[in-house]
Amino acid sequence: RKEVEQDPGPFNVPEGATVAFNCTYSNSASQSFFWYRQDCRKEPKLLMSVYSSGNEDGRFTAQLNRASQYISLLIRDSKLSDSATYLCVVSNRDDKIIFGKGTRLHILP
Amino acid sequence: DAGVIQSPRHEVTEMGQEVTLRCKPISGHNSLFWYRQTMMRGLELLIYFNNNVPIDDSGMPEDRFSAKMPNASFSTLKIQPSEPRDSAVYFCASSLRTSDYEQYFGPGTRLTVT
Chain A
244 RKEVEQDPGP
254 FNVPEGATVA
264 FNCTYSNSAS
274 QSFFWYRQDC
284 RKEPKLLMSV
294 YSSGNEDGRF
304 TAQLNRASQY
314 ISLLIRDSKL
324 SDSATYLCVV
334 SNRDDKIIFG
344 KGTRLHILP
Chain B
33 DAGVIQSPRH
43 EVTEMGQEVT
53 LRCKPISGHN
63 SLFWYRQTMM
73 RGLELLIYFN
83 NNVPIDDSGM
93 PEDRFSAKMP
103 NASFSTLKIQ
113 PSEPRDSAVY
123 FCASSLRTSD
133 YEQYFGPGTR
143 LTVT
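Line by line, the protein sequences are chains A and B.
The first sequence begins at 244 in the numbering used here and counts up by one.
The second sequence begins at 33 in the numbering used here and counts up by one.
Derived by calculation from the structure, the hints in this document are not laboratory data.
For each residue, glycine too, the CB sits at the ideal point set by N, CA and C.
Any given hint could turn out to be false.
[What the hints assert, rightly or not] Now the in silico label distances, taken between C-beta atoms and shown as ranges:
#1 Lys110/B with Arg302/A: 40 to 46 angstroms
#2 Pro113/B with Asn308/A: 25 to 31 angstroms
#3 Lys285/A with Thr108/B: 38 to 44 angstroms
#4 Glu246/A with Glu94/B: 18 to 24 angstroms
#5 Arg302/A with Glu94/B: 28 to 34 angstroms
#6 Lys285/A with Lys110/B: 23 to 29 angstroms
#7 Asp337/A with Thr108/B: 43 to 49 angstroms
#8 Glu134/B with Ala272/A: 38 to 44 angstroms
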């Protein structure tokens, strides 16, 4: 099993719809989780951290399920500008940092 | 702050040549990371430094790759000799501390080895 796995997509979603994708991780000792966003030919940028209690930032909600070892990202009322690749990041107690390969999202007008 | 600065932005070189990529982290950040990104393998951590000291270089592909951080404001990633399979985008990132903190990425260096 890969250390961090994401569905590569692409997810083609009409504007205004809700979309969600997951990221699974294999190391139960993982302790920090993040979602990064990467636009085409640009660098990754932090979208949000993922806390044990879940967190919400505007239209974006991130959740952590330790029992099943996955994190999720939900985008409500999607905008054209949400089109990007979303990278899941997991780090362990020994500071090993692993990026998923990303999920491509296309918001359709 | 100008953010993480990388140079050059693009590099085209012939197989066998030495390539040096440069990075200036955000002032005050104690951790610096070098990544490589390709379509096939995604974003891979090559090496990271904490307070200028290399902590984990297990991602460095082979002896042709080396990285240094002589001071808190400068790091280099060197490939010698370069090979076509090294073609990728190389990102440098910095953070206040290690993995628990947001990483700020530079714009990347797009390397093409012919």
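Hints, verified against the model:
1. Lys110/B with Arg302/A: 40 to 46 angstroms: holds (43 angstroms)
2. Pro113/B with Asn308/A: 25 to 31 angstroms: At 46 angstroms between Cβs, range violated.
3. Lys285/A with Thr108/B: 38 to 44 angstroms: Cβ of Lys285/A to Cβ of Thr108/B: about 23 angstroms, so the range 38 to 44 angstroms is violated.
4. Glu246/A with Glu94/B: 18 to 24 angstroms: Distance hint for Glu246/A, Glu94/B holds at roughly 21 angstroms.
5. Arg302/A with Glu94/B: 28 to 34 angstroms: 44 angstroms Cβ-Cβ, so the 28 to 34 angstroms window is violated.
6. Lys285/A with Lys110/B: 23 to 29 angstroms: Holds, at about 25 angstroms.
7. Asp337/A with Thr108/B: 43 to 49 angstroms: violated (25 angstroms)
8. Glu134/B with Ala272/A: 38 to 44 angstroms: violated (21 angstroms)
Going through the hint list in order, the structure does not satisfy hints 2, 3, 5, 7, 8.
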